[in-house]
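Start from chain V and add chains Z, U and B according to the hints.
Number of protein chains: 4
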Amino acid sequence: MIATNPLSELLSTLLDRRNFGRKDTDTRRIRDDCVKLLAERAEISGLQLAAKIFGKYAILTDDEKLAFFEFLNEELDVDPTLVASLAETYRNARTPENYAALSRAAEPARQRLFRRLNEAPGATAEIVRMREDLLACVKTHPHLARTDLDLQHLLRSWFNRGFLVMQQVTWDSPATILEKIITYEAVHEIKNWDDLRRRLHPKDRRCFAFFHPSMPTEPLIFVEVALTKGVPNSIQTLLDDNGKALLETEANTAVFYSISNCQSGLAGVSFGSSLIKQVARDLSRDLPNLKTFVTLSPIPGLMRWLSAENISADELDGANLRALAAKYLLTAKDAKGRPVDPVARFHLGNGAQVHALHHGANTSTSGQRQSATVMVNYRYDLGRISQRATQYSKSNTIAASSDTKALAKRA
Amino acid sequence: MIATNPLSELLSTLLDRRNFGRKDTDTRRIRDDCVKLLAERAEISGLQLAAKIFGKYAILTDDEKLAFFEFLNEELDVDPTLVASLAETYRNARTPENYAALSRAAEPARQRLFRRLNEAPGATAEIVRMREDLLACVKTHPHLARTDLDLQHLLRSWFNRGFLVMQQVTWDSPATILEKIITYEAVHEIKNWDDLRRRLHPKDRRCFAFFHPSMPTEPLIFVEVALTKGVPNSIQTLLDDNGKALLETEANTAVFYSISNCQSGLAGVSFGSSLIKQVARDLSRDLPNLKTFVTLSPIPGLMRWLSAENISADELDGANLRALAAKYLLTAKDAKGRPVDPVARFHLGNGAQVHALHHGANTSTSGQRQSATVMVNYRYDLGRISQRATQYSKSNTIAASSDTKALAKRA
Amino acid sequence: MIATNPLSELLSTLLDRRNFGRKDTDTRRIRDDCVKLLAERAEISGLQLAAKIFGKYAILTDDEKLAFFEFLNEELDVDPTLVASLAETYRNARTPENYAALSRAAEPARQRLFRRLNEAPGATAEIVRMREDLLACVKTHPHLARTDLDLQHLLRSWFNRGFLVMQQVTWDSPATILEKIITYEAVHEIKNWDDLRRRLHPKDRRCFAFFHPSMPTEPLIFVEVALTKGVPNSIQTLLDDNGKALLETEANTAVFYSISNCQSGLAGVSFGSSLIKQVARDLSRDLPNLKTFVTLSPIPGLMRWLSAENISADELDGANLRALAAKYLLTAKDAKGRPVDPVARFHLGNGAQVHALHHGANTSTSGQRQSATVMVNYRYDLGRISQRATQYSKSNTIAASSDTKALAKRA
Amino acid sequence: MIATNPLSELLSTLLDRRNFGRKDTDTRRIRDDCVKLLAERAEISGLQLAAKIFGKYAILTDDEKLAFFEFLNEELDVDPTLVASLAETYRNARTPENYAALSRAAEPARQRLFRRLNEAPGATAEIVRMREDLLACVKTHPHLARTDLDLQHLLRSWFNRGFLVMQQVTWDSPATILEKIITYEAVHEIKNWDDLRRRLHPKDRRCFAFFHPSMPTEPLIFVEVALTKGVPNSIQTLLDDNGKALLETEANTAVFYSISNCQSGLAGVSFGSSLIKQVARDLSRDLPNLKTFVTLSPIPGLMRWLSAENISADELDGANLRALAAKYLLTAKDAKGRPVDPVARFHLGNGAQVHALHHGANTSTSGQRQSATVMVNYRYDLGRISQRATQYSKSNTIAASSDTKALAKRA
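For the record, the sequence lines run as chains V, Z, U and B. Going left to right, the first sequence walks through residues 752 to 1162 as the numbering used here numbers them. Going left to right, the second sequence walks through residues 752 to 1162 as the numbering used here numbers them. Going left to right, the third sequence walks through residues 752 to 1162 as the numbering used here numbers them. Going left to right, the fourth sequence walks through residues 752 to 1162 as the numbering used here numbers them.
Heads up, some of the hints might be wrong.
A pair counts as met if it fits within one copy or between any two copies, since identical chains are not told apart.
[Said to hold, decoys possible] Computed cross-link-like contacts, DSS-like style, restricted to lysine-lysine with a CA-CA straight-line distance of at most 30 Å:
hint, residue 1, residue 2
1, Lys-954, Lys-942
2, Lys-787, Lys-1087
3, Lys-787, Lys-1145
4, Lys-816, Lys-995
5, Lys-942, Lys-1084
6, Lys-931, Lys-1078
7, Lys-1160, Lys-787
8, Lys-942, Lys-995
9, Lys-954, Lys-1084
10, Lys-803, Lys-1145
11, Lys-942, Lys-931
12, Lys-803, Lys-954
13, Lys-1156, Lys-1078
14, Lys-954, Lys-931
Hint data in this document are derived by calculation from the structure and do not stem from the laboratory.
In isolation and in its complexed conformation, chain V is listed as follows (with noise of 0.2 Å):
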């Protein structure tokens, strides 16, 4: 259709904003700034405010960050004193005044100072980075978590799935994109350019990324897709670029093989579970051959685990490692009572089963470090993620496979 895209010009207005110089340097003064900020009225001279913040931000030292951080934990802190009292005052008398009073000495200034540094032209990208920081600084400084706590809550609100747009990376897509993906694969390492258009151009493989119109060439997370058929048992025949790539009509499985978080400013922001729910609803979408959904997945925890139960890995065979993987994704648990499998809890969580075990499925050094070689798929079953979900979180049920079970009881 001709030009029903009234987002297409968005483009320029946001691209130019990462032309956006902020150098500064006088580094002194950012806190006096960020009190006048806060009392700033007129907007034009509240970007510049801004702009002129993250500038002296950006040259600061480690030392001057933790400062900064530690003037944003005690001195734009909320008033606890006056907190209570006009709680005290609202709960005598709901009147909208008392309540508006109320709720503005609740929030903390410092959270009304990120919403006024956020007004300024590519301040939220600023945002995210100063977030990243402040996480660092929030492992030695844990009194920080309080300022984490506003900016989690922020940026939660910000980069709330409504605003995210799913999109697909492809060879088409422009570099400045590309090379992100290639920075941030975290889980199969993408060496090069090379290796990057195997993953992207053969027409059995599919990258999508969640974005956020504030940071259009940032993907926020992305999560790479083999299309195969049958479920694959090993992650180097998967990535193995002898073969020739399926037709699309041939495929009936689709495969979740890699998923990477970009931004670590955003950590505990979530969106893991639903790019792989929406991948996996398009894909059932466009392609109405594909039935299966799984992933291909490490078991980080699988190899302490059995030594924490003096088990050696190495006096056994595959079918013994796979039955002993089988009962550790089920039966191994936390304090909470869930599985004690990170990669576990993630996709139990969104609702997928434990589906089948596989030894010699990634012959790597990690893989045979983590967990023998053994890796697991965990399946999508899109008319029952919901249901799974809901029983996972109400009572820590887990999904698996009648195969799995057996296995599990074998060990």
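Just chains Z, U and B now, kept in the frame of chain V:
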């Protein structure tokens, strides 16, 4: 440049949302669904519930809507006793845990509900419409202003200036958007498509709007601009179609002759100031011949003020009317010391100055009734906007040209 | 997918061409400029000359245009003596040099001139308009048909099917294009923008057009489609706005109820057949429920034929009129043995068959005058189009349903 | 601006064509299919036949291709006896009918065949590749040049300057296009993606290409530009990555340091001149600080000429080499009186002048071998391009700066 558009296919995704069906026949259980949604942890069930709630909401009667808002207002409110108690706890020990507990208690459940609702595709526009209904209810049920405080707070965060995108609206824009420009023009009615063409197509006309990426076919606010030689003194002459369009290079003045808010559900989430200033900056960059940026604005409160002052406009000539209008704009203040005239407040708050007054400038019926045909140019002097806005916001200083000041003294 | 659009910014470039100014006051020297252009080897001077020629052409009077075409026809013709001589030379020695000499001599200078003219930005549309003028002149000055032969030859090469792009026209298309759809609709008038909306916006309506990349805002030909349940028997009912739109999934039939050529300067460069077939194929792929593809077509020659046969339509009932219409379509032939009816020739030539006849199908004044309200469905049976088109082109075989054949026999 | 892009979805259509499958196993009957295609009147069968022919062509061996071209050359040639006879007829009576008969006879069937083939989706790129094969055959079988004359004639018409679109190629362009830039760079090799990034991404680098709408991912020709302060005298310094990028506003000179044709099948269909001039005009408009437009060009024939003149470069210092290079460029002529140096012919034909010579400008092996490290700046003086091009084309006048002239005299 080739395909630099990382947003180019956001379109299809975003537009698809418009067809999002949400008919639902069961109207009674919307509250239960809201409670369920707040408790739901599985994401996909959440999306389905949200869609269900919008479906039910869409067919509520006015009374049912009122009841729904009462439910949000009373049952999904904060618990002030709990807030007070947790504020005390936090005062005694400023741990992240205590802070998290306080933050959570101080945020009413209805805010969380709106955020969950917003995860559904197309939800943002629905929530804006919901607020339109809420604002209508607040008029007769002022205590609902508490719920509105929360909703406005959220919308301000979501429609943060940094997320908005300015677009030129032209005769090449989609009809979907153009028909909304016709509908929303609030100052000088656009009679039909031919009339719209006259506002958009000539070389000496421009129209700019803000959009939010989640509502790509819904302008939020738009401003209409005429490029002229010299500052215009008659809106009828300006809108008249008899003349030839100026070449861009002949114009030295940009006239903002109409600015219209489109979404009544976004009342109080203002972006008018940003729009005018960004348009002025962009025009100034693209057409360096443009030296003067003015409005041609109504003076809605003039006749009311004259009448309060016991002055009969009928007995005054143009010169006297201009002088009185100048006096009105420069001296008539409200209880807070701000100009009585709402249009004056808007432009002075933006950093404009009162530039010139014209009699016979709006000879339409409404022009005669409001201001005895007098209109005013507010001038945006790009180099002094920021300073003037700050002075106005600090001390209600009204910037005016020396001619206007002299004129006011004469009255 | 992100930014896969290698054409995405062709737009600006191409649209810019529309503002290409070509006013020029000197009208007399256009022929000299043409001769100069043919001789010019420096490219940039060629572009300037071409723009100058278009500028001069634009302000020629009708008589001057005629003189210009006479000039092309007589002075820029081939030299047949030279052609004959070079053909002899080539017959005697088939060398590349001799072939080149013959080729060059056999191509008239006016063809080279048109190609040089076409190098200027925006020129293609100008040349199409030039041919519109030429065709008007040919009517009264038939010898100019020689020049038209060359121009048509060139336009066929430039508007080769492989260069055209089919686009859906929707309510989201630019107003620039939509206003042309209103202007060019030749079969069932579109009264205004509301009427246009009814043709484009409902879920059971479609419109598709061919565009040429050099004229991106000018549709070349478009077809309007209604999705229906069953084959329609009344154009008034079809166009009527009373009913609810069908869901796409409810429709089983696509009706091509109007097809309009837009550029009279492209007469004889036909793409109507391609358009209908591509639309049928695309719809069939996207909406698998669609099983039947038909037109609802006028029978422009029926009343003339009845009158020639001395049959008075006034005395006939619907059944008889349908039978006679069937007889007319299946048996009335021209001197070359092809159907007399031009619409029949078009659709049968495309590989359609006469499917059904309806009395009372077009009750408008023109429907009564042309065909006593009778209309016909031509059916495009995707599996048999190619075979039927071949049979028709070989032996004028008229494909018809058995019902229609029986009906024709009854007359 | 919002969705003004009437071409915005041409993309999908055009890109779809790339996946157009044309595998076919029967190789023998390609000639029969060509004859059938020439006779076919039903359009859809024509498309199928064309696709079949491309399919068969794709798997021909070199010998079979040669045989295919012989078939085109001999059996689909014009009939000179018929042409001569129809030319006589037309000389005697200049009727449109006689003209039509002559025109048709004078056009060989192979030209019609190529036009029919071009109707298939994706065909234009196939035909360009076919000409690549043909040109290879012409080298050993020069009589095939007759067929090439026709093919070149058609391609010139289809790739008419007016149909081409200039696009900037940036780091945001699709990888599909970028990998072709790497492949096609013919002057200064691009080693890998990082190297490409250095050519495209810095603020002081640009790359522009021509595209044809039917081949939207295939650049036809591209030029690489560096923005500099002053005229550069060393290609190694220019390409070196050590320095910081200039700000656009600091640059006063645009250097066309590399220009590469991409499609060998389009040899002789030149657009290099247009590209440089359009880039110069566009840059001059967008960056008014740019005052000087020059190349930094090789002098491929210098060493050959010195050797022919019995001058040994080894014994000369830089000053002497520069002087001799100036003399070579200004005085060494071929039989037609044009400069011997092919690069000089290209730029002087475009209207450039010889601006300055630099020793030590290209210290690479090939720079030493070709021109003893001497390079030359050709200057494009926008105000005089047209005049100089005309003078050169009329009288082979070589424009040169007074410095260069003085230098040449010194030699």
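Status of each hint after checking the structure:
1. Lys-954 x Lys-942: both (21 Å within a copy, 28 Å between copies)
2. Lys-787 x Lys-1087: between (46 Å within a copy, 23 Å between copies)
3. Lys-787 x Lys-1145: Answer is between; shortest inter-copy Cα gap is 13 Å, intra-copy 47 Å.
4. Lys-816 x Lys-995: For Lys-816 and Lys-995, the Cα distance is within 30 Å only across copies (28 Å; inside one copy 52 Å).
5. Lys-942 x Lys-1084: neither (36 Å within a copy, 53 Å between copies)
6. Lys-931 x Lys-1078: Cα proximity of Lys-931 and Lys-1078: none, with 38 Å in one copy and 52 Å across.
7. Lys-1160 x Lys-787: neither (66 Å within a copy, 37 Å between copies)
8. Lys-942 x Lys-995: So Lys-942 and Lys-995 pass the 30 Å test inside a copy (21 Å) and across (28 Å) alike.
9. Lys-954 x Lys-1084: For Lys-954 and Lys-1084, the Cα distance exceeds 30 Å both inside one copy (40 Å) and across copies (52 Å).
10. Lys-803 x Lys-1145: between (48 Å within a copy, 22 Å between copies)
11. Lys-942 x Lys-931: Classified as both; 13 Å inside a copy, 21 Å across copies.
12. Lys-803 x Lys-954: between (48 Å within a copy, 23 Å between copies)
13. Lys-1156 x Lys-1078: So Lys-1156 and Lys-1078 pass the 30 Å test inside one copy only (8 Å; across, 75 Å).
14. Lys-954 x Lys-931: So Lys-954 and Lys-931 pass the 30 Å test inside a copy (22 Å) and across (20 Å) alike.
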